[in-house]
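A.B. asks: Sequence:
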Amino acid sequence: MTYTINPGDAAPDIELPVWPTGMLKLSDLRGRWVVLYFYPKDSTSGCTTESCGFRDAEPDFSGVDAAIVGVSRDSLASHQKFAEAQSLNFPLISDADEALCKAFDVMQMKMNYGKESLGVERSTFLIDPDGVVREAWRKVKVDGHVVAVLARLQELRG
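According to my numbering, the residues represented by the sequence shown are 765 to 922, in order.
To be clear, the hints were calculated from the coordinates, so they are not data collected in a lab. Watch out, some of these pointers could steer you wrong.
As the list claims (entries may be wrong) - Computed list of lysine-lysine pairs in DSBU-like fashion (alpha-carbon distance at most 30 Å, straight line):
| id | residue 1 | residue 2 |
| --- | --- | --- |
| 1 | K879 | K903 |
| 2 | K879 | K789 |
| 3 | K905 | K805 |
| 4 | K866 | K845 |
| 5 | K903 | K845 |
| 6 | K905 | K866 |
| 7 | K879 | K866 |
| 8 | K789 | K874 |
| 9 | K903 | K874 |
| 10 | K905 | K879 |
| 11 | K879 | K845 |
| 12 | K805 | K879 |
| 13 | K905 | K789 |
| 14 | K866 | K903 |
| 15 | K874 | K805 |
| 16 | K874 | K845 |
| 17 | K805 | K789 |
| 18 | K905 | K874 |
| 19 | K845 | K789 |
| 20 | K805 | K845 |
| 21 | K903 | K805 |
| 22 | K789 | K903 |
To be verified - Derived CB-CB ranges, DEER-like:
| id | residue 1 | residue 2 | range |
| --- | --- | --- | --- |
| 23 | E848 | W901 | 37 to 43 Å |
| 24 | K805 | G922 | 32 to 38 Å |
| 25 | M875 | T785 | 33 to 39 Å |
| 26 | V828 | D777 | 34 to 40 Å |
Just so it is clear, CB atoms sit at the ideal spot from N, CA and C, and this is done for glycine as well.
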């Protein structure tokens with residue numbers, strides 16, 4: 765499969781609502797590394813496990829000046845409930861219109877209970893301080909993923 769966003773490409777800069785407050789676009793985070801992870805749905809088992817993994821590793825990421833940002837199609841109200849229930853310590857973008865999801869090409873056909881539907885393919889992008897995608901993980905398996913992202917970030921930082 766060929767994707768439209770790959771390492772070496774500039775990260776799309778779309779402004780969207782973000783929990784806990786306001787609006788966010790990736791250029792607001794220039795000067796820092798950004799771990800941008802897309803997940804299918806708040807408060808589901810795999811998404812909770814992944815988000816809590818990033819939550820627990822947040823001190824390691826912030827220690828190398830990297831911001832973590834989660835993205836799903838859920839509403840800000842859903843993000844608030846999810847973030848408060850899991851004590852998440854980073855922002856969650858609400859991409860209800862799928863603008864950022866489509867820009868990063870994470871909307872993919874998926875099989876769920878024998879039915880094919882369009883949904884968010886669990887994906888993570890590592891964006892450098894200049895806004896360039898340096899690494900892309902697609903079809904992410906949750907186990908070991910956060911550790912792999914941190915290791916790659918540390919490697920790229922030298």
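A.B. asks: Which of the numbered hints above does this structure break?
C.D. replies: 2, 23 and 26
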